[in-house]
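*Asks:* The primary structure of each chain is shown beneath.
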Amino acid sequence: MTGTQADIRHPRPSQLPASGAVRAESAKPPPFNAFRRFVRGFLARPSGVAGVAILFAFAVLALVAPAFIGPAQLDVTKVSGPLLAPPSAHYLLGTDESGRSVLALAIWGARASLSVGVIATALTVILGSTIGLLAGHYQGWLGAVLMHVTDWFIALPSLPLAISLSAVLGQGSASITIAIAVTSWTSTARLVRAQTLAVEARPFVERARALGASNSQIVVRQVLPNVMPLILVSSTLTVASAILSEATLTFLGLGDPTSVSWGSMLDSAFSRGAVTAEAWWYLLTPGVAILIVVLGFTLTGRAVEHVLNPRMVK
Amino acid sequence: MPADPVQSMTRGHPTSDAQMAALRRSLGLDKPIWLRFIDFVNDALHGRLGQSWQFQQSVASLIGSRLGPTVLLMGTATLISVTLGLWLGVRSGWRHGSLFDRAASGVSLTLWSMPTFWLGMILLVTFSVGLGPIPSILPANGMSDPSISGALPHTLDVVRHLVLPSMTMVLVVFAQYVTIMRSSIIDELGSPYLLTARAKGLTDADVRRKHAVPNALLPTVTVIFLHIGGIIGGAITVETVYSWPGLGYLTYQALKVPDLPLLQGTFIIFSSSVILMNLVADVLYRILDPRVRAQ
Numbered sequence: 001m002t003g004t005q006a007d008i009r010h011p012r013p014s015q016l017p018a019s020g021a022v023r024a025e026s027a028k029p030p031p032f033n034a035f036r037r038f039v040r041g042f043l044a045r046p047s048g049v050a051g052v053a054i055l056f057a058f059a060v061l062a063l064v065a066p067a068f069i070g071p072a073q074l075d076v077t078k079v080s081g082p083l084l085a086p087p088s089a090h091y092l093l094g095t096d097e098s099g100r101s102v103l104a105l106a107i108w109g110a111r112a113s114l115s116v117g118v119i120a121t122a123l124t125v126i127l128g129s130t131i132g133l134l135a136g137h138y139q140g141w142l143g144a145v146l147m148h149v150t151d152w153f154i155a156l157p158s159l160p161l162a163i164s165l166s167a168v169l170g171q172g173s174a175s176i177t178i179a180i181a182v183t184s185w186t187s188t189a190r191l192v193r194a195q196t197l198a199v200e201a202r203p204f205v206e207r208a209r210a211l212g213a214s215n216s217q218i219v220v221r222q223v224l225p226n227v228m229p230l231i232l233v234s235s236t237l238t239v240a241s242a243i244l245s246e247a248t249l250t251f252l253g254l255g256d257p258t259s260v261s262w263g264s265m266l267d268s269a270f271s272r273g274a275v276t277a278e279a280w281w282y283l284l285t286p287g288v289a290i291l292i293v294v295l296g297f298t299l300t301g302r303a304v305e306h307v308l309n310p311r312m313v314k
Numbered sequence: 001m002p003a004d005p006v007q008s009m010t011r012g013h014p015t016s017d018a019q020m021a022a023l024r025r026s027l028g029l030d031k032p033i034w035l036r037f038i039d040f041v042n043d044a045l046h047g048r049l050g051q052s053w054q055f056q057q058s059v060a061s062l063i064g065s066r067l068g069p070t071v072l073l074m075g076t077a078t079l080i081s082v083t084l085g086l087w088l089g090v091r092s093g094w095r096h097g098s099l100f101d102r103a104a105s106g107v108s109l110t111l112w113s114m115p116t117f118w119l120g121m122i123l124l125v126t127f128s129v130g131l132g133p134i135p136s137i138l139p140a141n142g143m144s145d146p147s148i149s150g151a152l153p154h155t156l157d158v159v160r161h162l163v164l165p166s167m168t169m170v171l172v173v174f175a176q177y178v179t180i181m182r183s184s185i186i187d188e189l190g191s192p193y194l195l196t197a198r199a200k201g202l203t204d205a206d207v208r209r210k211h212a213v214p215n216a217l218l219p220t221v222t223v224i225f226l227h228i229g230g231i232i233g234g235a236i237t238v239e240t241v242y243s244w245p246g247l248g249y250l251t252y253q254a255l256k257v258p259d260l261p262l263l264q265g266t267f268i269i270f271s272s273s274v275i276l277m278n279l280v281a282d283v284l285y286r287i288l289d290p291r292v293r294a295q
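Same order as they appear, the protein sequences are chains A and B. Here the working numbering is used: the first residue of the first sequence is 1, the next is one more, and so on. Here the working numbering is used: the first residue of the second sequence is 1, the next is one more, and so on.
Same shape as in the complex, but just chain A:
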């Protein structure tokens, strides 16, 4: 058994049929070259570079925010600004209904919005890929059951389901994260299952099976590396929709009432009369922030998709 394992890990081309050798090599090219080729292809797409630049800027801003924003700017009892004041030299993007700087709130809100988006995506991807891989590999009763569960979830409208889930789980970012993951894993699962079926039909998987590889070896060593690029692409696009869902659920009042996020800013802008007060700076800022970040993730995801799968370029 040890011999077989070693063979799977280091396929010796001389022992393989010609097609198998080519497949095995193209499946695992030297990592550095592949990475360089990927970077070169990605840099050739300006929209993708712009997307990455946006995301990088927002990530840096969110990470260094604690250095210059503290309770003095965020605590409603400690701030002393004018209420709902339009942009001025001192408050570049105006103030909210309790006199806090909208700019400081928007920068601080990036932390909550981005972290919920990223964590929800991580959960989505783990759940979706595991179910997709299992459903694609075990095509007997297990695959059938998993696909039926997936279809059942697809039939449920996602926002009402997320609302009901967070209503049951309680208010807070943890329940929003779970609600987003539970409502969005299905598309990842379908995608991964389809790709798993395609990969398993290729000769190198049959060869591994013939050499006595176990189910887990086939899934982890043969299928997963070939499905991974697709998972990465879909996860970039999932973050975009997760951030939108986070904003929507928080706007509906399901978020953590003590923390500041872009969704909670819009919620208080809406419920504290920013609309009738024509406080456009208060409405515009968080929304534009969401728009830019979602666009950043979408552009990045599409560029990665095109580089990894040139056939999709249309």
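Honestly, the hints are just simulated from the structure, not real lab data. The beta-carbon is built from N, C-alpha and C at its ideal position, and this holds for glycine as well. Misleading hints may appear alongside valid ones.
Claimed, not checked - Reference listing, derived: stretches of chain A covered by chain B, where coverage requires no fewer than 3 residues with Cβ under 8 Å from a Cβ of chain B: (1) 146 to 158; (2) 245 to 256; (3) 272 to 280.
Position chain B against the provided structure of chain A, taking the given hints into account.
*Replies:* For chain B alone, coordinates are given in the frame of chain A:
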């Protein structure tokens, strides 16, 4: 739960702990969650949606009274966004890579990246409250002005109220129809039957309209019906922003208490409408595509 329903229902009234406990017992909130779930499934299977906690009305009658406005809003928005999306998609796909294509893709991608409710608030501030030089030209909330009587003035008033909510939904939703139609037109572009049509001497517009579009529509129709779940999500937030008296706003009102029987009721309605639309998509596909019917 966003809040304790018993606490938010008794807010503003002096209530003793014993009264709160009695209310909790009468609502069934003292039972463990699995028992409540079994009760809910049992009731739902028998068609009993229960009594709303905040409105002194049955859930079924509440849903019945709110169904019309939602169907009106979602129907209008879907109709406009499908027409607009398909038209733009056909144009973009037919000349893909052109300036028109890139502009259409860019605009729809940007609009798709907006939270629906945010776009709603921006349109509300701009056109209803009136911002700067723009006067207030459209009503802010509700579905009609109760002071207007007579059939025709009332209809016109409803249309006026409908403009902003349906525009918000259209702007966010049409992007996905553009994308789907564009890629299915591109899939058809290289097909031999288009070459035949051109060889017959048809004009470019005729080749597109009479040959490419009908074939490209097939995959698109299914997707339109499958997207109904997303439109429901948009309806919830748009109705909330515009206080449109439909099922979405009802869901929001239920969520604020939380009025669990009402939430369950709207959830059942939303899910069954998605399942119904899936069924319609299947049936329609058989009608539209003779190849599927033959099997």
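*Asks:* Indicate, hint by hint, whether the structure satisfies it.
*Replies:* Hint check results:
1. With 4 residues carrying a beta carbon less than 8 Å from a beta carbon of chain B, the segment 146 to 158 of chain A meets the three-residue requirement, and the given coverage holds.
2. For the segment 245 to 256 of chain A, the stated coverage by chain B is satisfied: 6 residues place a CB nearer than 8 Å to a CB of that chain, which reaches the threshold of 3.
3. Judged by the Cβ-Cβ criterion of 8 Å, the segment 272 to 280 of chain A is covered by chain B as claimed, because 4 of its residues qualify and three suffice.
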